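Enquirer: Keeping their order, the protein sequence lines are chains A and B.
Residue numbers for the first sequence, in our numbering: 1 to 333.
Residue numbers for the second sequence, in our numbering: 1 to 333.
Hints are not guaranteed to be accurate.
Identical copies look the same in the list; a pair holds intra-copy or inter-copy alike.
[To be verified] Straight line, CA to CA, 25 Å or less: simulated SDA-like cross-link-like pairs of lysine to any residue: (1) K225 to Q296; (2) K176 to A235; (3) K225 to L214; (4) K7 to H60; (5) K29 to L214; (6) K29 to G14; (7) K7 to G262; (8) K225 to A281; (9) K105 to E89; (10) K105 to L90; (11) K176 to R152; (12) K229 to V285; (13) K225 to H50; (14) K225 to H317; (15) K7 to H139; (16) K7 to R111; (17) K229 to V216; (18) K29 to S102; (19) K229 to L133.
In case anyone wonders, no lab produced these hints; they're calculated from the structure.
For clarity, every value in this text was computed on a predicted model and none was experimentally measured.
There are 2 protein chains.
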Amino acid sequence: MAMVSIKDVAALAGVSPGTVSNVLNRPGKVAPATRERVEAAISELGFVRHGSASTLRAGHSRTIGLSVIDIGNPFFTEVAAGVEDVASELGYAVILGNSAGSTDKEDRNLRVLAEHRVRGVLITPSGEDPARLDRLREHGISVVLVDHPAHRPDQCAVAVDDVAGGRAAVAHLLGKGARSLAYVTGPLTIRQCVERREGAKMAMTGAGLDPAALRVVEAATMTAKAGEKAAGELAAAGLPEAVFCANDLLALGVLRALLRSGVRVPEDVVLMGYDDIDFAAASTVSLTSMRQPTYQLGRIATELLLDECDNPDTHAHQHIMFQPELVARESTQ
Amino acid sequence: MAMVSIKDVAALAGVSPGTVSNVLNRPGKVAPATRERVEAAISELGFVRHGSASTLRAGHSRTIGLSVIDIGNPFFTEVAAGVEDVASELGYAVILGNSAGSTDKEDRNLRVLAEHRVRGVLITPSGEDPARLDRLREHGISVVLVDHPAHRPDQCAVAVDDVAGGRAAVAHLLGKGARSLAYVTGPLTIRQCVERREGAKMAMTGAGLDPAALRVVEAATMTAKAGEKAAGELAAAGLPEAVFCANDLLALGVLRALLRSGVRVPEDVVLMGYDDIDFAAASTVSLTSMRQPTYQLGRIATELLLDECDNPDTHAHQHIMFQPELVARESTQ
DNA sequence: CCTGGGGATTAAAACGTTTCCACAGCGCGA
DNA sequence: TCGCGCTGTGGAAACGTTTTAATCCCCAGG
């Protein structure tokens, strides 16, 4: 409980508190001899700077917020790893928020972040209401969208083209000869799910099929468990020849349920997922999927955010859009 | 950038800043009429409390730190989900730190947490040096160990019995008739890896085998990629009849490498992992594993920590030790 | 009518830093 | 020798909140 402050350090080193602050923040401005004395005092007393006091006075913190939809999904985990790496390199702390797909929870998390006066926020928004994010900006908190296109021009965003992804996926399935298709999706409040569906329909149209014939099964969450349930619904109404899932977790669940009930993949049903998480390649029947530069998404978004924070004058807002890449495996052989 | 402070609210509501602070922190202490007026002013101005100022004055924050070894490992992800849920229920923010197995990085993270004056820290330590954690305690920061037994009596810890787990695992493999065994482990600086090995040796001794005959392959990280590499080493010196991996990621990697080189699991080699992550059941050959109450680990540890912070006088330190549970699947059929 | 007590509110100090301004000392050119 | 500018340091105010002690007001009891 030995609360040692900058004053104690100053006293021990025989300088003023202002000087200690200088060696902490602009070591160049202080004479080498003094600096050494201060540094000695710091380590002798085991001083650690009080971040809150610093934030209060300086008006900004060295903390960023990260709000994701499902921390249990390897996709977001990998994004988080990228974020954490960059943040930690630059001495920033990351406050993690898991919205679990609920905008209420997301709002609560954003509120916490606002109270903490984080420097900026990285967010994969759960809903489509830009107003909440604008409120953050009014408080001087930069926002970078992750895996989501920009809401406005004066904002950075790093996304992956989900329409193209959905289109490529379904084109691949059609190429395997499938004519009846189902799309197993998460909540259609999630943009990614909607856009992948649009892409899917475009692919059908492109192949001369009626896009309305796409059977859509909407799961409550994007988890393997929900995928198993969705497979039940699918089977109840007669299995299609191909199933496209909005992410790999759903696909893994569908796969498990199909195999358990004796349906062969890909012989009876061709199946693919999305995200290309590590486990897609390792599953019972290895899973065809759409690969996204996940870790890079996190890294780049963080670099953009921190650049916006640290160099507000030279910073140029960027809208980055990656293209996903199809990885074909056994499930669509 | 409209920095609206408690004073602005006070002015608008026609009360003093102290009263506003009271409606924020002890609404019961203020007359209903006044409270309403203040609340109206708060929402009219869009006031959000400055957490740093609050922390500075109050001497403690509503933030906890979470330091894990590998955020990419579903085991820790699930722990983190449990932590996040409890923290968010109680209005705490979580600062995430990923040590990536490096004590240096862990130290840096702990330093950041100390600067933030977090209320407490949940940590799965990378190394075995309790001194660094004691330093946190000297700063008044409570520490709860996660998936690690307590260093000292006046400390909470939530762990799983890794010796028992290792023993049960290898007993199971021996029960399948295997007589030559290998243990594919992560760095032996990680306690879990060491204890699972000890358990494994105990099982061998118990079966009348020489524990020294256990072939130990130490991988640099506990990832699937490292597992693939380890399988190479294993094969180079002649495959054993059974392989026990220190976690499922390693096991998945070993499995992939074995199958690719034409080795059949479980016919040629029986294989098992540890943690029972979701994907263990979904893999090519479904994986036998040791299940741990992962999400609960996170929840309980957080509840313990927050109880220690919020009720320091009535709080009783607890050392909780769960028993892992064997889940048999195809890989050891 | 006076006194006392209790609830509601206020005023002011304090938390630990950062930052702005002033000032001291020094070297250098005039 | 004087003055100027430059560098390094000190002093003090300020950041937004919480908290303690003090004050105010009102009402009940005597």
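Enquirer: Up to 25 Å between alpha-carbons, please classify K105 paired with E89: within, between, both or neither.
Expert: between (29 Å within a copy, 10 Å between copies)
Enquirer: Please sort K176 with A235 into within, between, both or neither, judging by C-alpha distance up to 25 Å.
Expert: Only inside one copy: K176 and A235 sit 21 Å apart there, 37 Å across copies, limit 25 Å.
Enquirer: Treating 25 Å as the Cα threshold, decide for K29 and S102: within, between, both or neither.
Expert: neither (49 Å within a copy, 33 Å between copies)
Enquirer: Given identical chains, is K29 near L214, meaning Cα to Cα at most 25 Å, within a copy, between copies, both, or neither?
Expert: neither (67 Å within a copy, 60 Å between copies)
Enquirer: First find the shortest C-alpha distance between K225 and Q296 inside one copy, then the shortest across copies, and answer within, between, both or neither for a cut-off of 25 Å.
Expert: between (28 Å within a copy, 19 Å between copies)
Enquirer: 25 Å Cα cut-off: does K229 pair with V285 within a copy, between copies, both or neither?
Expert: For K229 and V285, the Cα distance is within 25 Å both inside one copy (19 Å) and across copies (22 Å).
Enquirer: Treating 25 Å as the Cα threshold, decide for K176 and R152: within, between, both or neither.
Expert: For K176 and R152, neither the intra-copy (40 Å) nor the inter-copy (62 Å) Cα distance is at most 25 Å.
Enquirer: For K225 and H50, with the copy left unspecified, which applies at a CA distance of at most 25 Å: within, between, both, or neither?
Expert: neither (45 Å within a copy, 41 Å between copies)
Enquirer: Reference check for the pair K7 and H139, CA-CA at most 25 Å: within, between, both, or neither?
Expert: between (32 Å within a copy, 17 Å between copies)
Enquirer: Checking K229 and L133: alpha-carbon separation at most 25 Å within a copy, between copies, both or neither?
Expert: neither (34 Å within a copy, 45 Å between copies)
Enquirer: If the cutoff is 25 Å on CA atoms, where do K7 and R111 land: within, between, both or neither? Let me know, please.
Expert: between (34 Å within a copy, 20 Å between copies)
Enquirer: Regarding K225 and A281, is the shortest C-alpha distance of 25 Å or less found within a copy, between copies, in both, or in neither?
Expert: The answer is both: 19 Å in one copy and 12 Å across copies each meet 25 Å.
In the structure shown, a violation is registered for the earlier hints numbered 5, 7, 11, 13, 14, 18, 19, in ascending order.
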